[in-house]
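*Asks:* Each chain is listed here by its residues.
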Amino acid sequence: MRAERFLTDSASRYPKKVALVASGRRVTFGELDAMSDRLATALTQRGLQRGERVIVFMDNCWEAVVGIFAVLKAGGVFSPINPSTKADKLAYVINNCRASAILAQERGLGILEHAQPHCPSLKFRMIAERDYAQVLEREGAPATMPGIDIDLCMLVYTSGSTGFPKGVMMTHQNVVAAATSITTYLENTADDVILNVLPISFDYGLYQVLMAVKVGATLILEKSFAFPQAIFNRMREERATGLPLVPTMAAMILGMKDLKVGEFPHLRYLTNTAAALPPAHILRLQELFPTSRIYSMYGLTECKRCTYLPPSELAKRPSSVGIAIPGTEAYVVDDNGARAKPGEVGELMIRGAHVMKGYWENREATDRALKPGPFPWEKVLHTGDLFRTDEDGFLYFVGRKDDIIKSRGEKVSPKEVENVLYALPGIREAAVVGTPDPILGMAIKAVVALESGSDLTEQNIIRHCAKHLEDFMVPKMIEFRDELPKTESGKISRRLVGALEAAE
Amino acid sequence: MSEVRAKVRKFIEDNFLFREDGSAISDDTSLLDAGLIDSTGILELVAFLESDFGLQMADADIVPANLDSIKAIVDYVETKIAKQQAA
Numbered sequence: 001m002r003a004e005r006f007l008t009d010s011a012s013r014y015p016k017k018v019a020l021v022a023s024g025r026r027v028t029f030g031e032l033d034a035m036s037d038r039l040a041t042a043l044t045q046r047g048l049q050r051g052e053r054v055i056v057f058m059d060n061c062w063e064a065v066v067g068i069f070a071v072l073k074a075g076g077v078f079s080p081i082n083p084s085t086k087a088d089k090l091a092y093v094i095n096n097c098r099a100s101a102i103l104a105q106e107r108g109l110g111i112l113e114h115a116q117p118h119c120p121s122l123k124f125r126m127i128a129e130r131d132y133a134q135v136l137e138r139e140g141a142p143a144t145m146p147g148i149d150i151d152l153c154m155l156v157y158t159s160g161s162t163g164f165p166k167g168v169m170m171t172h173q174n175v176v177a178a179a180t181s182i183t184t185y186l187e188n189t190a191d192d193v194i195l196n197v198l199p200i201s202f203d204y205g206l207y208q209v210l211m212a213v214k215v216g217a218t219l220i221l222e223k224s225f226a227f228p229q230a231i232f233n234r235m236r237e238e239r240a241t242g243l244p245l246v247p248t249m250a251a252m253i254l255g256m257k258d259l260k261v262g263e264f265p266h267l268r269y270l271t272n273t274a275a276a277l278p279p280a281h282i283l284r285l286q287e288l289f290p291t292s293r294i295y296s297m298y299g300l301t302e303c304k305r306c307t308y309l310p311p312s313e314l315a316k317r318p319s320s321v322g323i324a325i326p327g328t329e330a331y332v333v334d335d336n337g338a339r340a341k342p343g344e345v346g347e348l349m350i351r352g353a354h355v356m357k358g359y360w361e362n363r364e365a366t367d368r369a370l371k372p373g374p375f376p377w378e379k380v381l382h383t384g385d386l387f388r389t390d391e392d393g394f395l396y397f398v399g400r401k402d403d404i405i406k407s408r409g410e411k412v413s414p415k416e417v418e419n420v421l422y423a424l425p426g427i428r429e430a431a432v433v434g435t436p437d438p439i440l441g442m443a444i445k446a447v448v449a450l451e452s453g454s455d456l457t458e459q460n461i462i463r464h465c466a467k468h469l470e471d472f473m474v475p476k477m478i479e480f481r482d483e484l485p486k487t488e489s490g491k492i493s494r495r496l497v498g499a500l501e502a503a504e
Numbered sequence: 505m506s507e508v509r510a511k512v513r514k515f516i517e518d519n520f521l522f523r524e525d526g527s528a529i530s531d532d533t534s535l536l537d538a539g540l541i542d543s544t545g546i547l548e549l550v551a552f553l554e555s556d557f558g559l560q561m562a563d564a565d566i567v568p569a570n571l572d573s574i575k576a577i578v579d580y581v582e583t584k585i586a587k588q589q590a591a
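Protein sequence lines correspond, in order, to chains V and Z. To convert, note that position 341 of the first sequence is 341 in the working numbering; the numbers rise steadily by one, no gaps. Quick note, the working numbering runs 504 ahead of the 1-based positions in the second sequence.
Calculated directly from the structure, the hints in this document are not laboratory data. Idealized CB from N, CA, C, for every residue including glycine. Don't take each hint at face value.
The following label-pair restraints were derived from C-beta to C-beta distances [as the list claims (entries may be wrong)]: (1) E554/Z - E313/V: 38 to 48 Å; (2) M256/V - A510/Z: 22 to 32 Å; (3) A564/Z - A353/V: 40 to 50 Å; (4) E364/V - E582/Z: 54 to 64 Å.
Starting from the given sequences, assemble the full structure and let the hints guide the process.
*Replies:* Here it is in structure tokens:
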């Protein structure tokens, strides 16, 4: 099965039901289906061929959802990019996957104008506010929907330790497998009303769209959690039954002064992933939402989701991220590749139909992530994350094998930030580390040494970073040192910088 | 320019105007839509208003109508100060 069937099936079952509420607009499944047909036809008419990549450079708006399904219906592959991405990185991604088209909004037009001259593969662009109306008014035949289910569905770019993002290749089969497994354990139905504030450029947010459409649920798309009270008002108005969280949002909720226990009787569940919730936060969330189930989950873009803790186990093992999601396998191996015993720390391996096909045109990185497993005919996913299990087989996250920092639930490659720092005249040495933060989980901190005579200030440096990096990668603080600690071979050591941090 | 407006604008410019040139933002620009402020930014803004203007902000006050533009913030702060002085 292909992922656009989520929409065509729900549209034939519930044509008049509200599928999407975004920016004040309510869109039914029938309308979403018809609009994405029309946009698909327009994409094809403008020259989009089967298998070609289309960048979706948009925030959480209805036009992005129409765009995603239109690309699939036209036989294309969509790649969602964070709307705060800057021109250099946008151009890098477009060129990396040789995207044929881009769907964007006016808010991103300035960035796109800078990037586009460097992107020879782009055949056309569509700007939601300018180009959608005319296309969507046109009556037309349903899209032709070429393609089969082993075709690529999407490329999701993820930060890598090299500093260059890698495109995770997900086929329609992969996406359908992940969405089916997750909606199974969340027990999602057409009665659900899911309120999503997570960016749909981020796979956790993106899957809220895919899964809601799959089960025929209503999705409330909001752009930000900056005003939790406003989101809670929306939850009351729409009688939301599901609220996906990252730890930063949980910390903000717990920091609110006037929230009362049991204010959301309709809320069936809360989910958390992207980084672990401290057990104390889990307990306090459960007190605030006594009738809601809390799901602690863990995953990575390379297979979307790995594990979930059945809510019935939450009180017994609050720091566990649980067991493999339905229909998949998750297990820990030691350094020799043998299955680790309970309590023993090793790397987590994943087997299942949700595991990616590899990284787009990056054999080396693909070979590091997908390696032969217990059976000669298959490859298993090496997560790069260290885990242990308890006696009952429940999994516990221990740490990462590389230096990737999780801030606000998103992966930040220190190398990517350091590359940007080094591009600023006056910076002689730079190391980027994570420092514990009650709201962000980890805050990004840059430790720098300046060229002699340089008068760069913290504000100059942050301003420079903000011009070249997505918002969540921009350092929150800058520390100045005369010199950075080095390894014996003379390389700047993030680990030693981090150790000095911890000692202070 | 009122004293409140000057202080608020300076705080916003010093802390959030990393992306654009300072003059590009008008008093009624939506800080969220312009991508100038995120969740942690709002928390910093609230902490600033509470400490520098001696305000007590309830959760219900932390909404876009009060905080999503320089003008909204100034109106909110001035009304709130007037109320606190009257009480």
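*Asks:* Using the Cβ atoms, figure out if A564/Z sits within 40 to 50 Å of A353/V.
*Replies:* Taking Cβ atoms as reference, A564/Z and A353/V lie about 47 Å apart, which means the hint holds.
*Asks:* Could one say that the CB atoms of M256/V and A510/Z fall in the range 22 to 32 Å?
*Replies:* holds (30 Å)
*Asks:* Is 38 to 48 Å right for how far apart the beta carbons of E554/Z and E313/V are?
*Replies:* For E554/Z and E313/V the Cβ distance comes to about 40 Å; the hint holds.
*Asks:* When you take the CB atoms of E364/V and E582/Z, is the distance between them in 54 to 64 Å?
*Replies:* Given a distance of about 60 Å, which is inside 54 to 64 Å, the answer is holds.
Violated hints are absent here; each numbered hint is respected by the structure.
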